[in-house]
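**Q** The chain contents come next:
There are 4 protein chains.
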Amino acid sequence: MHKGRLEAFSDGVFAIIITIMVLELKVPHGGNDLRALIPMIPVFISYVLSFVYVGIYWNNHHHMMQAAKSVNGRILWSNLYLLFWLSLIPFATAWMGENHFSQWPMALYGFVMVMNAFAYSILSNSLIKHEGKNSNLSKAIGKGTKGMISVACYLTAIVLSMVNPWISFGLYVLVAVIWFIPDSRIEKSMAQD
Amino acid sequence: MHKGRLEAFSDGVFAIIITIMVLELKVPHGGNDLRALIPMIPVFISYVLSFVYVGIYWNNHHHMMQAAKSVNGRILWSNLYLLFWLSLIPFATAWMGENHFSQWPMALYGFVMVMNAFAYSILSNSLIKHEGKNSNLSKAIGKGTKGMISVACYLTAIVLSMVNPWISFGLYVLVAVIWFIPDSRIEKSMAQD
Amino acid sequence: MHKGRLEAFSDGVFAIIITIMVLELKVPHGGNDLRALIPMIPVFISYVLSFVYVGIYWNNHHHMMQAAKSVNGRILWSNLYLLFWLSLIPFATAWMGENHFSQWPMALYGFVMVMNAFAYSILSNSLIKHEGKNSNLSKAIGKGTKGMISVACYLTAIVLSMVNPWISFGLYVLVAVIWFIPDSRIEKSMAQD
Amino acid sequence: MHKGRLEAFSDGVFAIIITIMVLELKVPHGGNDLRALIPMIPVFISYVLSFVYVGIYWNNHHHMMQAAKSVNGRILWSNLYLLFWLSLIPFATAWMGENHFSQWPMALYGFVMVMNAFAYSILSNSLIKHEGKNSNLSKAIGKGTKGMISVACYLTAIVLSMVNPWISFGLYVLVAVIWFIPDSRIEKSMAQD
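Sequences listed follow chains P, B, F and E, in order. Going left to right, the first sequence walks through residues 7 to 199 as this note's numbering numbers them. Going left to right, the second sequence walks through residues 7 to 199 as this note's numbering numbers them. Going left to right, the third sequence walks through residues 7 to 199 as this note's numbering numbers them. Going left to right, the fourth sequence walks through residues 7 to 199 as this note's numbering numbers them.
No wet-lab data here; the hints were simulated from the structure. Incorrect hints may have been included.
A pair holds if it fits inside one copy or across any two, identical chains being indistinguishable in the list.
[What the hints assert, rightly or not] In the DSBU-like style, the derived pairs of lysine-lysine whose C-alpha atoms are separated by at most 35 Å in a straight line are:
#1 Lys32 <-> Lys9
#2 Lys75 <-> Lys9
#3 Lys139 <-> Lys149
#4 Lys75 <-> Lys152
#5 Lys135 <-> Lys9
#6 Lys135 <-> Lys149
#7 Lys75 <-> Lys149
#8 Lys75 <-> Lys145
#9 Lys75 <-> Lys135
Quick caveat: nothing in here was measured; it's all calculated off a predicted structure.
Looking at chain P on its own, in the form it has when it is part of the complex (with noise of 0.2 Å):
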């Protein structure tokens, strides 16, 4: 099965998903000058975070499907939880923004998180099992290491919200620096071929 269609989908379900959010940006009502925008400084905040982590999972799934060369229906389904898990985070953004980075919302934002590390793992195992252990893609994507980190600062995240919420804000930009730094692996093995 072609993975054009799977791309397609996903890439149009990717771009909704980080367009949405800026509608929580509600215009203000109250005025007309810069003091109007300062109620907002949290929800703007919280929008660039999760824009990075997005526009990360973008990256990361353009450079695996980039590598892989057939689907099955596994994949299409492992490829709809992880857009299933990714829907919800204009949901935990937009909560966490609204409320100030409490408590609650920010342990909310880091499960939401974990479930779609889980979810790209998931995607990542059907690949390569669909693929072979000893194909390029395989190679590429390696142990995992970053993603394994990853979970690790989302669940010290999400306990630590409860003695002080910008510990958890701190691990959230702690994990998208990670990240950011490009991942040569995949791009150096495609590189190679």
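Assemble the complex: chain P is given as a structure, and chains B, F and E must be docked to it using the hints.
**A** Chains B, F and E alone, transformed into the frame defined by chain P:
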């Protein structure tokens, strides 16, 4: 006529339908603890159900179109007719979720699903008529037993919603499970080529 | 210049326009029985009408672009001009539906449709100018009789909305029916290649 | 790395950005005659202006990416950075429209436009670095004189919004006109191939 744009346009509509349903998960303004999320549970459950349904339709659409070689004007309109009924799923889902799976919203959900099933069979008939009865596509689509079982379940669910809406809910879950089990016919038929 | 991205971008905009109209079907908060849906009937009817119109435009756009070989800057902007007027259909539809097909909303709907018809003819002229008068595309587009009849119907509908808005409604349905009958010219012209 | 998915994802985001702006044209509930539309005139004007801006960006993005042969991780992120600033245009547009082009919203609009211009130049620099200084792309992008004039206009508009916001408005229209005149450099350079 090439099938590329029909697939691209359909992917766009599918992506939007599956994503705008999440907009019903409105951020609770009354609190920032976990209890604030409790009223959202029925909305969330109905979102999961419809996400799976739209996912199933996208999967089947993907499989069926992949087996097709070209399209004609009749197929374009059959496809638009299917997209029309799919576009009503978010409304039916939201009404069901906000009324905690009560009688009439459950019946409407079933009605929308029956219309989707009919629209899908119209599309597959248009494709078979275009490709020929002995085509790969025709063999792959088969007798449509699953589709008939689904419609029987929907109609039963509509009637029984007057007795107990949860029976209807159970039937909708059952149909989703039936379809979730991958329809291996088309994949096999294509592999034999 | 390749036509691929013009088609992809247009498909995205078409998909969003046709889908955001369904957001006007707001979940009734006043009840969970069938009577709660009665006030939505005019909104639903106007949704069906506009869905068919956008579907017709997508179909014709698809046919016309398929006959085109390449595009230039002028065509890109003609296309954006068409997308601009198409993007106003959801607003005109919503105003019409919420005011139960009263005079001025009916007239505005007609005005938006006239502008769409003009924009479409500008786009087809740009394409003919680019491809040449003896091209397949030029023959396929033909004299545009249907388009002229449509504009005459729209203008009549705008004027007669002051007498009885339902005459206008009838004329809008008539135009949709005229276009729904497949425009076989382009398909035939391409088949002769 | 192929450029296909970068284009598809960008097209999706462009399509959503250009279309969600129309959601600000909210159906007037206070009446069904033409006077009910009068308060919407500033919202409509700001929609037209931003539609043209996003159209210009899509056009330029299209031209530039068509001249590119492949992409790398750096280009993917430069592109996401541009999409981020583009995604803030609907907010800036809505605030401007709802406050009838008053001082601070005009200044914010200019600020968002400056950031978009910078993001676009970062993307074009990433592409030039990847393709080489003697590539077609590099020659096609040229010195970026138009971009520099635009930024100068935006900055002037931000400062002069304190004197008279309509001067700023005039400058934004001027920039749109400058870009609307087709940038023939890239098209010519490609035609010479």
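**Q** Could you run down the list of hints and mark each one as holding or not?
**A** Comparing the hints with the structure gives:
When the C-alpha separation of Lys32 and Lys9 is checked against a cutoff of 35 Å, the pair qualifies only between copies, where the shortest distance is 34 Å, while the shortest distance within a copy is 37 Å. Taking the closest pair of Cα atoms, Lys75 and Lys9 come within 35 Å of each other both inside a single copy (7 Å) and across two copies (17 Å). In this assembly of identical chains, the alpha carbons of Lys139 and Lys149 lie at most 35 Å apart only when taken from the same copy (12 Å versus 38 Å across copies). Taking the shortest Cα distances, Lys75 and Lys152 sit within 35 Å of each other both inside one copy (24 Å) and across copies (30 Å).
Proximity of Lys135 and Lys9 under a CA criterion of 35 Å is satisfied in both settings, with 16 Å inside one chain copy and 27 Å between copies. In this assembly of identical chains, the alpha carbons of Lys135 and Lys149 lie at most 35 Å apart whether taken from the same copy (15 Å) or from different copies (32 Å). Within a single copy, Lys75 and Lys149 get their C-alpha atoms as close as 20 Å, and across copies as close as 31 Å, so both meet the 35 Å cut-off. Within a single copy, Lys75 and Lys145 get their C-alpha atoms as close as 14 Å, and across copies as close as 26 Å, so both meet the 35 Å cut-off.
Taking the shortest Cα distances, Lys75 and Lys135 sit within 35 Å of each other both inside one copy (12 Å) and across copies (29 Å).
In summary, the structure agrees with every hint in the numbered list given earlier.
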